[in-house]
Each structure stands twice: as structure tokens, then as C-alpha cells.
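Peer 1: Going down the list, the protein sequences come from chains A and B. Residues in the first sequence are numbered from 45 upward in steps of one, following the numbering used here. Residues in the second sequence are numbered from 7 upward in steps of one, following the numbering used here.
Hints in this document: simulated from the structure, not taken from any laboratory. Check before you lean on any hint, since a few could be wrong.
Claimed, not checked - Pairs of lysine-lysine, DSSO-like flavour, derived with a Cα cap of 27 Å:
1) 111(B) x 180(A)
2) 265(A) x 319(A)
3) 288(A) x 20(B)
4) 233(A) x 180(A)
5) 288(A) x 319(A)
6) 113(A) x 102(A)
7) 484(A) x 319(A)
8) 288(A) x 150(B)
9) 180(A) x 319(A)
10) 111(B) x 150(B)
11) 265(A) x 177(A)
12) 484(A) x 265(A)
13) 180(A) x 159(B)
14) 179(A) x 111(B)
15) 111(B) x 174(A)
16) 111(B) x 177(A)
17) 506(A) x 349(A)
18) 265(A) x 288(A)
19) 288(A) x 41(B)
20) 319(A) x 111(B)
21) 102(A) x 179(A)
22) 233(A) x 319(A)
23) 265(A) x 111(B)
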Amino acid sequence: MNNVTITVNAQTLSAPEGSILLQVLLDNGVSVPHFCYHEALGVDGNCRMCMVEIEGQKRPQIACNTRVKEGMSIRTLSDSIMAVKRSILELELINHPVDCPICDQAGECSLQNYYMEVGLYESRIDRADKVRKAKKVDLGSHVILDQERCVLCARCTRFTENIIGTGDLVIANRGNHACVTTFEPQGLKADGYAMNVVDLCPVGALTSGDFRFHQRVWFLKSDPSLCHGCARGCSIFIDHYPQKYGDDLIYRYRPRVEREVNGFFICDEGRLSYKNHTGDATLTTPRYSGTAITLSEALELYHQKLAASGSGVVALASPSLSCENLTALRDYCLQYAIPLFGVERGSFDETFGDDFLRLNDRAANRSALPLLGISEDESEMNAALCAASLVLNFDNQTPVSVDQIHFCVHPIDTRELQIPIAPYTEQSGSIINAFGKVQKFASTIRRRHPVPPLHELLSTIKGLA
Amino acid sequence: MAFTVVPRHGNTLKERMYLPSLIGGLSTTFGTFFKNISDTQAIPTLEYPEIMPTDITSRYRGHHRLTHRDDGSIRCVACFMCATACPAQCIFIEAVERNDGCDEKMPERFDIDLLECVFCGYCVEACPCDAIRMDSNIFSIVAKERRDFVVGKEYLLRVRGGYEPETSQAALGGEHE
Ligand code: SF4
Ligand code: SF4
Ligand code: SF4
Ligand code: SF4
Ligand code: FES
Numbered sequence: 045m046n047n048v049t050i051t052v053n054a055q056t057l058s059a060p061e062g063s064i065l066l067q068v069l070l071d072n073g074v075s076v077p078h079f080c081y082h083e084a085l086g087v088d089g090n091c092r093m094c095m096v097e098i099e100g101q102k103r104p105q106i107a108c109n110t111r112v113k114e115g116m117s118i119r120t121l122s123d124s125i126m127a128v129k130r131s132i133l134e135l136e137l138i139n140h141p142v143d144c145p146i147c148d149q150a151g152e153c154s155l156q157n158y159y160m161e162v163g164l165y166e167s168r169i170d171r172a173d174k175v176r177k178a179k180k181v182d183l184g185s186h187v188i189l190d191q192e193r194c195v196l197c198a199r200c201t202r203f204t205e206n207i208i209g210t211g212d213l214v215i216a217n218r219g220n221h222a223c224v225t226t227f228e229p230q231g232l233k234a235d236g237y238a239m240n241v242v243d244l245c246p247v248g249a250l251t252s253g254d255f256r257f258h259q260r261v262w263f264l265k266s267d268p269s270l271c272h273g274c275a276r277g278c279s280i281f282i283d284h285y286p287q288k289y290g291d292d293l294i295y296r297y298r299p300r301v302e303r304e305v306n307g308f309f310i311c312d313e314g315r316l317s318y319k320n321h322t323g324d325a326t327l328t329t330p331r332y333s334g335t336a337i338t339l340s341e342a343l344e345l346y347h348q349k350l351a352a353s354g355s356g357v358v359a360l361a362s363p364s365l366s367c368e369n370l371t372a373l374r375d376y377c378l379q380y381a382i383p384l385f386g387v388e389r390g391s392f393d394e395t396f397g398d399d400f401l402r403l404n405d406r407a408a409n410r411s412a413l414p415l416l417g418i419s420e421d422e423s424e425m426n427a428a429l430c431a432a433s434l435v436l437n438f439d440n441q442t443p444v445s446v447d448q449i450h451f452c453v454h455p456i457d458t459r460e461l462q463i464p465i466a467p468y469t470e471q472s473g474s475i476i477n478a479f480g481k482v483q484k485f486a487s488t489i490r491r492r493h494p495v496p497p498l499h500e501l502l503s504t505i506k507g508l509a
Numbered sequence: 007m008a009f010t011v012v013p014r015h016g017n018t019l020k021e022r023m024y025l026p027s028l029i030g031g032l033s034t035t036f037g038t039f040f041k042n043i044s045d046t047q048a049i050p051t052l053e054y055p056e057i058m059p060t061d062i063t064s065r066y067r068g069h070h071r072l073t074h075r076d077d078g079s080i081r082c083v084a085c086f087m088c089a090t091a092c093p094a095q096c097i098f099i100e101a102v103e104r105n106d107g108c109d110e111k112m113p114e115r116f117d118i119d120l121l122e123c124v125f126c127g128y129c130v131e132a133c134p135c136d137a138i139r140m141d142s143n144i145f146s147i148v149a150k151e152r153r154d155f156v157v158g159k160e161y162l163l164r165v166r167g168g169y170e171p172e173t174s175q176a177a178l179g180g181e182h183e
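Bound conformation, chain B alone (with noise of 0.2 Å):
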């Protein structure tokens, strides 16, 4: 069998003198700590949450959300290509006969298992319609029980896309109901 010979690092004396990189570590920490309390305001953490990042980029992949149409009905047909193409199977969709003119099929239940899910944005890229988004920028999910991460179709429709300011999680302060 053919293998590779990698030198084993760590054998100079500086570094086997072992204090230079001791002292070279304390440095960088006392010198963070003391920039810090000499300005606190330009600590580059964040006090999450009762301070939001406000520099998500649109990209991000957060809370799912479900579109609508111009006459604000919802957008999508239950054509079922979402749950086909998640790797999770966290999307149940069960379908009826759509009578308002719009269109002939829409969800009559569609829901969401986000503890399932693993935010790989595939549902996003097989829907035709568009009528399902991740842009809600709601990046943090909390509930109190597990049933509760299983969102349904009304709270997917409110659920708002998150690029505007008002809308977005950093200016609802955080909330997520």
C-alpha cells in the first residue's frame, strides 16, 4: 500500500522552548481584553438577543414562508415537487380541488416539520411557482414542544418575507409568533 511520509511539526526549539508561544498567546488575549474595556461599544460580538445581526444577506436560509398571488390568494398548486426533492420527506402536503378560479389544485394541508428539516433550501429550488421561500430571515426557531415546530399552511402564508425592514426578525425584535 502506498502512503505519504508527513513530518511531524512541532520539533524546532522555539517551539519546544515552549514559553515564547505561551507568552505570544497571553499577549493577544490581554491585549483583546484590554482594547475591550478601553471601548466597549466596539466589541465585534453580539449581545444575542437582545441585540440582532443586521447584516443577514438575502441568501440566508431561514424560516420557510409560502407566497401569494397577486389577489393575494396563495401560490401554491400542491404539485407536490418540494416534497419530492427534500431529502428530509419533512413536507406533507395533502391536496384539494381549487374552486376559486385561480387554478384547479391548491394545499389543503401543508405542513413543515422544522425539526426535520435541514434548511437545504432544495424545496425552494424545485418549486415551478415560486410560492415557497426561505427569505423570512428568521433564523431563530423556538418552541416549547415538538409538535409546535410542525407549522402549518395559515402560519406559512403569514409568515412575511423578512428583506424589508419592518419585516424583518432583527426589527420584530426577535419574536417569532
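Only chain A is shown next, with the shape it has when bound in the complex (with noise of 0.2 Å):
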């Protein structure tokens, strides 16, 4: 498409003939207050609230449902637009319970928002005189539904129908009466991506029933990070919050846009997995026969059954370390001539993969494993393994019946040596989908008493030796 110029409010800008006027608004900075539209969604045209002025044309036109074309000069300022888009808001708001206080999606509302921009209205209608509805409907997969706050701007039904296919959300009833509910009995599924119709919902109607009620949004620090449940490796943000006297908790995993990857969305058992990575869901101390002992206990420890176990020493790393800590793993191992392999029994679950995002292989990194030269074979690792007498296990869930020393990020309902390891969340690093793409993360959590990364505490026991 060929680049047209169109005036917005005195501003110039460039943009391809034919684009939507809201796409081209919304990525130039220009706010334009929308409910219905959504890239990943489309034009619906139903909420009306994306309200220009457009020179030559006699009435406001919706810009999500207006192409651009050469010379077209756009107002989303003037007195009379305003006048209309406060107009449209107090429409939308007429049956609006205005519960923000117990809204779990006070500080990050479309509606709170475009109220302060362009609503700033008295409310003319009695509270008693709006229309009731369910309160709290739980649709299944987590999902709350409160039909009161729904602005009706079809996005979640939209993405059940259009994105998934299984269109489990439909509108019913008319006018006044009309409300968002599950066409199936069984409720909402959408075949485990149910939780994005939290994130499109542009208000309260729809919120996370893992999420509710936890934290105000507006304490969260959001930090881009990468979902490590599958070889996909979706981008994400990581909504965290160190407490003032405890630890920095993880409330939520949100998608975060990467075409080349994911889009926008992510499944629902990656966002869950937040709570592998959090508070007390992780291993912090070494652990022994049961028992706490510390981090220069455990490495004496570890030498001493480095020492005593000779050459029948094996090394398994899990395929899901970054790049950076099977490098070191794999330097560390080749000084000490331990065979290592990346081969992780269970890691592939036929039944998780499907044809959006999922990936059978659950592993976030195996493709760097022929990069970095780790072996692979899976009967040279079973014959290795029935002549060892010690296995190193990093973070490995294969079973294995020999002695075994586990350099883990959860804990293990062992009395064998745990030695704990930085998760994903506590460290930088990067790894390789299963398309091939590098894709780099950075440390997001700092706990009060850090647990290091694997490649730092290789050096601390290279250091040692």
C-alpha cells in the first residue's frame, strides 16, 4: 500500500491508503477513546465511543470503521467531538454500577479513563433507577463475569467465535437487557485461552478469578518477560509487587504483543504459571536429609560426593535452562569430563499441543541443544545412566534410581542434596523457540534473599575446586 498524508488536529501525518483511521490514530499517540475495536479483533463498529470529526463530512464518523485516504484532515479535539464523545460515555455508563472500589479493574479501565478525558459529567440518573444484573457469574476457567459492568462491545464474544472457534460467550436479550453469557452449559472453555477475555475486556465485566481481589493493579510493576511453559516461548509481562516487609510476590502473567511469536494473546495454562515461580513455590535454601543447611555446607558437600563417586558421574540439564546456563553447564562439565545430556523424560506432552499456540514439546529451550553440542541420545543417556554411580541433576525431571545430587528450582520430597537455582523470573538469560527465534529475558523478581543462577553458582564451585 502506498503512503498517504492526513491531517490530525493541525498534525501531519503519514499512513498506508486503506488502514483503519483508529489503528493509524492509536499508533501515533492520538487518544481516541474505543471499547469495541481491537487489533487482534477487528472492526465491530458496535460502541460508537471512537467518535473524529472528519473535514467535508457532515456527521462524526467512527475512525475504526474509516479507511484512510490522501488529504483527509481529522479533528479529535474540537468542542462539538467532545461534546459528542461525552455524550456517547454517559450512554454507555447510563446503567453502570460505578462499583471501582471493589472493581478489580479500577486503574486500568477504559471506562475510568475515557471519564476523566472526555466524561468529567454530572451523572444524571438515580443509582436506583439503573437496571440490575448478575453480579457475579463464574464462567468457568477463571473467569468472572459481572453483566452490570459490561459495556456490550462484543470483544470476548468476538474472540470466542472468531479467534478460538468455539464461540462459548454470546450476547443475549436486547436494549436494556442485554448481557454477555455462555452459550454452552458447561460454561466458558475456549479450549484453554479462556483468560484473554480478561485482558480484551476493556472494563470490569470480565475478571480473572485467580487474580481477583489479590492486588490493586496500580501497585503492580509490570516487567516484560517470556512464558517458559512451552517451546513457543510467549511474550509476557510479569505484574509483580515487593511487599514492604516480605518478599517481591508475582500476581499475574499478562500477554504482551509479539507477532513473530504469539500476537497478543497467550494460553491460560502459561499465564497460571506464575505460581511455580513465586512466594514459597520455590526451593531458596539446600536442603539435606530433610533438613535446611546452607549454601557452603552444600558445596562441601558436593565436592565431597563429587570426589567420592570417581568417574561414575552423569549430568542431566534440563532443556528449559537458558543459553547462558547451559553454556556454563556445558563448559563445567567438559573440564571435569562428565558426559552431560539434555534429554528430559516427560517433556513432551502429546496432549497439550494444539494448532494456536500450545506446543507439545514443554520445554523453552531444547533448540539450543545441538547448538551448544549437548548430547541429545536418549539410549547413550540410559546406558550412562545405569553405569553411574552419582547423577548431577539440573533441574531434570527424568527419574532416575542412583544417587542423585539436584540442583532444582522447586523443591523435591527428596532426603538426597538440594541445591537451589534462580528461576527464570530471578535471572537474565535467552532462549530459542522452537522456530528458531533468540529471544532474550531479563531478571525480573528480586527477592529479599536471592538464590543465584546456575552459571554463578557453577563459578562459585569452580572457584572452590
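The two chains are supplied separately, each in an independent frame; assemble them into the complex guided by the hints.
Peer 2: Laid out in C-alpha cells, this is it:
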């Protein structure tokens, strides 16, 4: 498409001819209140909130259903268009309960933001006259619906219908009584992607049952990261909050737009996987024989055991470790002539993959193994394990029957030596997804008592030897 | 740099003689002394804490309390507005689902660290529900240990408004607990 020039509030912009005007305005940082349009869902034109003034047109037009043409002149701030926006917002809010104090959306709510931007009117509706609907409907899949707060933008229904194809959600009834509800009696399933409707919903009508009431969003810090739930490596935001007298806790994962990898969404399993990396879910002190020991005691034990086992040592690496950790581990094993394998039994889940985002390969960085020369030969690994007297297990879930030393993120129910290593949320690194895309992630969580990442621990170990 | 010359005081003859001021001061001291011992009931200071002040206005910011709805249940909806406004960050709230039909949300934990609190009253201003007030008329807060100054939801709900005579701290004889 060839670029054309348009004027917005006396500012000149260049945009591809025929592109969606609203998207062009938003991309250029021009604020246009809107509910129903979403880049991933396309134009629906039902909310009428995105009105702009176009030179030469008699009436205000919706920017989402207007295509860019050469020489267009657009006004989004004139008194007349502000008055239009104000009355549309007033209409949207006519039956709205405005229970922001107990609404999880407060702080990231389009209604709140637009009210401050274009509203600021006195309500003409008495609260007693508002239409009442269901306040707390558990739709299933950790999604809670508040029908009163809904602005009927149909983002959620379009998601289940056009993106997932299940059509679980519908808008029932008409006029004042229209409300979102589930079509199927079993509730919202959306094939494991249901919680994306929570992000899509511009207001507090759909909220996450998992996040519900745990934290107000304005306290949360959002940092970009990568989901390690499967080999796709979806881009996410980690929303966390360092407690005043406690640890830095993760409250939720949200999808981050990455067109080449995950687009606008993530799967529910990945979204909820934050629970494995926050609070007490991870191992924080070394353990031996069921009791906590210090790191120096643990490393001493490690060296004793290593010396006692002579040449019968085999190392297993998790294929989810970052490239940095795998490189350090490979070099360590080469230095001490320890055979290293990157095979993890059980890390392929034939039931997990689908034709949207989820992949059967549940390891985040398997593509790095051949590049780093780490063996993926399972029969060779089995032979080595049969002959081994000690296995150094670097967060690998393969069941092993010989004595092991675990370098692990999560506590394991064993009396063997366990040494904690930092989860990916607490270190920076890079992973290579199933399609060969190298992606970097940064450290987001600062623990009160940080656990070292594997590569740091290995240099400590080398220093002691 | 512009500066102003401020004239030094105390240079007059009377001031430099020193004695007139001394006599003036001592006469005030002795005047009050004899006035007080002649009528001890009229002494304007209180023998606190045996005698409690009775002239604290209802706008005084004392110990916080959490208020009740008409049905006696907690008014707070755990919206965190107070905790957000609090400059000392001394309000610690954990919210839960509320299932008694009153509302959807309420605090499971509502702790105020009274040692960190600066008694600014912002929490009261911020509350959209009139759920927190500082009108308990409790102005002296005593405890034996630091952690006892962290008061919880149950305690805050028990504290009552201080400006009916029977519940003011003065009427209770200064008791905190
Ligand atoms: S949806 Fe927005 S405006 Fe409505 S109650 Fe929730 S935060 Fe408030
Ligand atoms: S529930 Fe949310 S996303 Fe769905 S129609 Fe209502 S406001 Fe839109
Ligand atoms: S009085 Fe001020 S410092 Fe004390 S709890 Fe309220 S807001 Fe915080
Ligand atoms: S006391 Fe008021 S401001 Fe604080 S959480 Fe409760 S309702 Fe909100
Ligand atoms: S965003 Fe244009 S009509 Fe809804």
C-alpha cells in the first residue's frame, strides 16, 4: 500500500492508504477513546465511542470503520466532538454500577480513563433507577463475569467465535437487558485460552478469578519476560509487587504483543504458571536429609560426593535452562569430563499442543541443545545412567534410580542433596524457541534473599574446587 | 547576591542594664506561684493522666477505628484507597470474597501500624465508604511491645466513636485496651 498524508489536529501524519484510521491514530499516540475495536479482533463498530470529526463530512464518523484516504483532515479535540464523545460515554455508563472500589479493573479501566479524558459530567441517573443484572457469575476457566459493568463491546464474544472458534460466549437479550452469557451449559472453555477475554474486556465485566481481589493493579510493577511453559516462548508481562515487609511476589502474567511468536494472546496454562515461581513455590535454601543447610555446607557436601564417585558421574540438564546456563554447564562438564545429556523424559506432552499457540514440547530451550553440542541421545543417556554412581541433576525431571544431587528451582520430596537455583523470573538470559527465534528475557523479581542462577553457582563451585 | 540587613535587638539602655527584665520575669513567676497556691483548683494544667482533658474537639485525629453498617457488619470493602493515600504506607490490607450478601469484597486482614502512622488523616479522607475514622478520641496509645502497636481488623472494629460521653477516652479513665 502506498503511503498518504493526513492531518490530525493540525499535525501531519503519513499512513498507508486504506488502513484503519483508528489504528493509525492510536499508533501515532493520538488518544481516541474506543471499546469494541481491538487490533486482534478487527472492526465491529458497535460501541460508537471512537467518533472523530472528518473535514467535509456532515456528521462525526467512527474512526474504526473509516479507511485512510489522501488529504483527510481529522479533528479529535474540537468542542463539538468532545461533546459527542461525552454523550456517548454517558450513554455507555447509564446503567453502570460504578463500583470501582470493589472492581479489579479499577486503575486499568477504559471507562475510568475515558471519564477523566472526555466525561467529567454529573450523572443524570439515580442509582436506584439503574438496571440491575447478575453481579458475580463464575463462567468457568477462572473467568468471573459482572453483567452490570459490561459495555457490550462484544470483544469477548468475538474472541471465542473468531479467534478460538468455540463461540462459548454470546450476548443475549436486547436493549437494556442485553448481557453476556455462555452459550454452552458447561460454561466458558475456549480450549484453554479463556482467560484472554479478561485482558480483552476493556472494563471490569470480565475479571480473572485467579487474580480476583489479590492486589490493586496500581501497586503492580509490570516487567517484560518470556513464558517458559512450552517451546513457543510467548512474550509476557510479569506483574509483581515487592511487599513492604515481605518478598517480591508475582500476582499475574499477561500477554505481551509479539507478532512473530504469540500475537496478542497466551494460553491459560502459561498464564497461571506464575504460581510455580513465586513465594514459597521455589526452593530457597539447600536441603540435605530433609533439613535446611547453608550453601557452603551444601557445596562442601557436593565436592565430597563428587570426589567419592570418581568417574561414575553423569549430568542431566533441563532443556528449559537458558542458553547462558547451558553454556556454563557444558563448559563445567567438559572441564571435569562429566558426560552431559539434555534429554528430559516427560517433557513432551502429546495432549498439550494445539493449532493455535500451545506446543507439545514443554521445554523452553530445547533448540539450543544441538547448537551448544549437548547430547540429546536418549539410549546413550540410559546406558550412561545404568553405569553411573552419581547423577548431577540440573532441574531435569527424568526419573533416575541412582544417588542424585539436585540443582533445582522447586523443592523435591527427597532426602538427597538439593541446591536451589534461581528460576527464570529472577535472572536474565536467552532462550531459543521451537522455530529458532532467539529471545532475551531480563531479571524481573528481586528476592529479599536471592538465589544464584546456575551459571553463577557453577563459577562459585569452580572457584572452590 | 541580594541580602537584607536585620537590625540587632537588645541594644537599648534598659535592655543592656539586664536587671529590669530579670525583675519583670521573676515577678511573673512569683505572681503566678502565689496565685496558684492561693487557689489550686484554678491551675490551668491537668494532672494527666489522672485527670483527662474534656475539651478535645471532634475533629481531633485520634486512634483509628473501622465503622459498621446498619446491620452491624463491617463497612470496609477493602478497596485499598486508604492504603494508597497513606504516606507512611502503614495500612496492610488483604482482601477476600464477601459472601454475606452485603457486597462482594471485604478485608480479611486490616492492620495499621500505629508506630509508623503519622496521624495525618489521609486514610479517612480517601475512604469512599466512610469505613475508617479517627474520631475515637483515643489520643494516648500505649503498649509494651512494638508488635502490639500493629492493630488488626477485629480490634479496629471494637473501637467506638469517641464523641458520645460514655465512650470517650476521658470517660473510660484513659484505658486503651
Ligand atoms: S468497570 Fe471500570 S468504571 Fe466500572 S466499576 Fe470497574 S473500574 Fe469502575
Ligand atoms: S464482557 Fe467485556 S469484553 Fe465482553 S462485551 Fe462486555 S465489556 Fe465487552
Ligand atoms: S493517619 Fe495517615 S499515616 Fe496514619 S494510617 Fe491514616 S493515612 Fe496512614
Ligand atoms: S477503610 Fe475505606 S478506603 Fe480503606 S480499604 Fe476500607 S473501604 Fe477502602
Ligand atoms: S471502536 Fe469504533 S465503534 Fe467501537
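Peer 1: Next step is simple, just say for each hint if it's right about the structure.
Peer 2: Structure-based check of each hint:
Simply put, residue 111(B) and residue 180(A) have alpha-carbon atoms about 11 Å apart, close enough for the 27 Å limit, and the pair holds. Between residue 265(A) and residue 319(A), the direct Cα distance comes to roughly 17 Å. Compliance with the 27 Å bound is thereby established for this hinted pair. Between residue 288(A) and residue 20(B) the CA atoms are separated by roughly 61 Å; this puts the pair beyond 27 Å, and the hint is violated. A C-alpha spacing of about 18 Å is found between residue 233(A) and residue 180(A), which places the hinted pair at or below 27 Å, so the restraint holds.
The straight-line distance between the Cα atoms of residue 288(A) and residue 319(A) is roughly 20 Å, inside the 27 Å bound, and the hint therefore holds. With a C-alpha separation of about 17 Å, the suggested pairing of residue 113(A) with residue 102(A) holds against the 27 Å cut-off. Only pairs whose Cα atoms come within 27 Å are accepted, and residue 484(A) paired with residue 319(A) is accepted, the gap being roughly 22 Å. The suggested pairing of residue 288(A) with residue 150(B) holds, with an alpha-carbon distance near 24 Å, which does not exceed 27 Å.
In summary, the hint linking residue 180(A) to residue 319(A) is supported, as the alpha carbons are separated by about 24 Å, within the 27 Å threshold. At most 27 Å may separate the alpha-carbon atoms for a hinted pair to count; residue 111(B) and residue 150(B) exceed this at roughly 34 Å. Between residue 265(A) and residue 177(A) the CA atoms are separated by roughly 34 Å; this puts the pair beyond 27 Å, and the hint is violated. Restraint check for residue 484(A) and residue 265(A): satisfied, since their Cα atoms lie roughly 19 Å apart, inside the 27 Å limit.
Only pairs whose Cα atoms come within 27 Å are accepted, and residue 180(A) paired with residue 159(B) is accepted, the gap being roughly 26 Å. Straight-line distance between C-alpha atoms of residue 179(A) and residue 111(B) comes to about 12 Å, which keeps the hinted pair within the 27 Å bound. Under the criterion of a C-alpha separation no larger than 27 Å, the hint pairing residue 111(B) with residue 174(A) is consistent with the structure, at around 21 Å. About 18 Å separates the Cα atoms of residue 111(B) and residue 177(A), which keeps this hinted pair within 27 Å; it holds.
For the proposed pair residue 506(A) and residue 349(A), the alpha carbon gap of about 15 Å is at most 27 Å, so the pair holds. Proposed proximity of residue 265(A) and residue 288(A) is supported: the alpha carbons are some 14 Å apart, at most 27 Å. Of the pairs offered as hints, the one joining residue 288(A) and residue 41(B) is violated, with about 55 Å between alpha carbons and a cut-off of 27 Å exceeded. Only pairs whose Cα atoms come within 27 Å are accepted, and residue 319(A) paired with residue 111(B) is accepted, the gap being roughly 23 Å.
Restraint check: the Cα-Cα separation between residue 102(A) and residue 179(A) comes to about 41 Å, which exceeds 27 Å; the hinted pair is violated. As the CA atoms of residue 233(A) and residue 319(A) are separated by approximately 21 Å, the hinted pair is consistent with the 27 Å bound. Taking the CA atoms of residue 265(A) and residue 111(B), the gap is about 23 Å. The hint holds against a cut of 27 Å.
The earlier numbered hints that this structure contradicts are 3, 10, 11, 19 and 21.
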